Every structure is written in structure tokens, then in C-alpha cells.
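Residue 1 is where the sequence shown starts when you use the UniProt record's numbering, and the numbers rise one by one after that.
Treat the hints as calculated values from the structure; they're not laboratory data.
Since this is a predicted model, take the numbers as computed values, not measurements.
Some hints could be false.
What the hints assert, rightly or not - In silico BS3-like cross-links for lysine-lysine, where the CA-CA straight-line distance does not exceed 25 Å: (1) LYS117 / LYS30; (2) LYS28 / LYS117; (3) LYS31 / LYS117.
As the list claims (entries may be wrong) - What follows is a set of in silico ranges between Cβ atoms, one per label pair, in the way DEER data are often shown: (4) VAL224 / ILE26: 19 to 27 Å; (5) SER251 / PRO33: 26 to 34 Å; (6) GLU181 / ARG122: 30 to 38 Å; (7) ASP136 / GLY252: 25 to 33 Å.
Ideal placement from N, C-alpha and C gives every residue a C-beta, glycine not left out.
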Amino acid sequence: MTFALQSVEPLSSSELFGPENRRRCIEKLKKIPGYRTFAKPRSVSAVLIPLCLVNSIPSMLFIRRPLTLRNHPGEIGFPGGRCDPDDAGDAIRTALRETEEEVGLSPESVDVWITMKCMNSRSTVYPVVGFCGELDLKLSPLEEGGDSIGSRLSPNPSEVSYCLARSISWLTNPNNIGYTEFRYFPSYFDPNIPIRSQEPGRTLPQDQQLHELRYTSPLFGSLVQTGSPGPRIWGLSAIVAYQVLHCLIPSGLFVSAPTGTRLSHLVRTS
1 MTFALQSVEP LSSSELFGPE NRRRCIEKLK KIPGYRTFAK PRSVSAVLIP
51 LCLVNSIPSM LFIRRPLTLR NHPGEIGFPG GRCDPDDAGD AIRTALRETE
101 EEVGLSPESV DVWITMKCMN SRSTVYPVVG FCGELDLKLS PLEEGGDSIG
151 SRLSPNPSEV SYCLARSISW LTNPNNIGYT EFRYFPSYFD PNIPIRSQEP
201 GRTLPQDQQL HELRYTSPLF GSLVQTGSPG PRIWGLSAIV AYQVLHCLIP
251 SGLFVSAPTG TRLSHLVRTS
């Protein structure tokens, strides 16, 4: 499924990553809600949302997880991982440490903007937004016919198959954006939250049917309807990317009705 998105004119690096827009973006990100879940998280992690320049083009860096991994094999996401005891609960420290371990980007090269509100799914994830400067790699290695790793990046093959940069213009192009709906089932919900269920002690709030308990999430790329190239970015990575883009673009992302309401909960600030 796809939706119409107001096109965003290409912006220069100074407009997007300069001091004025940096301050404005941070203030907006402070108001963005976290991701609510009905399951008890099993671990705490942090990821870096790497804003960067590729050939002087404002971009966002992603990684692809190897198929050999136990969790999220083959998925496109952001560098990051579980918090270690040595991190002392510091999400920024976790995100930067994991990023260095996974792609070789030194913590000193990252200008950290903000730690966003946590995303609670099967684990609690803290997104850390940071600007990484110029990276020497192609905007889309798959479209160019091969991987191209920047001189400042050295991916760990046990954790990263390849690095992928998408320009901000590409990420805000309506042909590259879609949405998907998730339907929740009783076993996923916290027992303290009333839902329709056959289990004793559970109730139905205001006659709400189970099929109405859905969550709509954005996705980027690999859309048959528009011919948008893959790989697809979805799940929590797409949610965080959408929220960051909404705050990074001075005019914001405006989705046309009626589908605009499907994603409004992700960027609602009041």
C-alpha cells in the first residue's frame, strides 16, 4: 500500500545540518512520542541514526544484517546493539560503541544531536541521532551493481553485510514511501491492558473488536506499485527514520488525506 506525500525540495547540507536547523530539529524531536507496546521488553538497546553527506548530498546511513544472525537476519536497519554493563545506562555510549564495532565509525567523528524517546517493542530501543560528516560511499550500492564501502567505514562481516546510504531526497520521495499495518493478537498484549480474550480476567474496552487493534508503520523502498528499488526499510527502523525526517525537514512531512491519519500518531506532539 502506498500513500501520497507532499514532495520535498532538495535542501543543501547547510540548510539541513547547519546550527540553526540542528537546534530546530532537536526541539521538535524532544516532542516526538515514543513507540508504545503491549509486550514486556526483554532487553535494552541503542542505535545510531547516522545523518551524513555522501558526495556532498544530505543522506542517512543504514546497514544490512547478515542472514546468519539469530535476530533480524537480512534486515535493513541502523547500527547499534544491546547495552553492556560498562555503558552504565548511557544510551549514547552504547550507540557509539556498537557503531564503531559494526562499521568502524569512531565516536569522535559523530556530532550527537539527541537521544529520542525509547521505542518499546520486544526490546527497548533508544535512538540516538547524530551527524557523521562526509562518508565516501555510493548512495545505493545495489543500484550501482556492487558494494562500495567508504574510507571511514570498515564493516564487521559478522554483524554487517554492507552499508547503504539513502539521500534525504530519496527518503522523502513519495514513490519510495509506503505503509504497512500490523495486527496484534492477545498473546502479545500486557495482561494489565484490557482486550478481547478468552482468558479469565481480560475484558474488552468499549466493545472494541480485536481486528481494530492495529498499528500502521511506514516503509521505504521495494514498492511494486511505483517501481521503487529495494532493499525495503521497515519496522522500527522505518518508524524512527520517518520521525527524524519529519523533524529534520523544515517544512515537515505532510501526508495527504485520508491516508495522512494512518501515520499521524508517529509525529503527533500534543
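Hints versus structure:
1. LYS117 / LYS30: holds, 8 Å
2. LYS28 / LYS117: Given that 25 Å is the threshold and the Cα spacing comes to 12 Å, the pair holds.
3. LYS31 / LYS117: holds, 9 Å
4. VAL224 / ILE26: 19 to 27 Å: Given about 37 Å between the Cβ atoms, the range is violated.
5. SER251 / PRO33: 26 to 34 Å: violated, 21 Å
6. GLU181 / ARG122: 30 to 38 Å: With Cβ atoms ~18 Å apart, the hint is violated.
7. ASP136 / GLY252: 25 to 33 Å: Because 31 Å falls inside the window, the suggested range holds.
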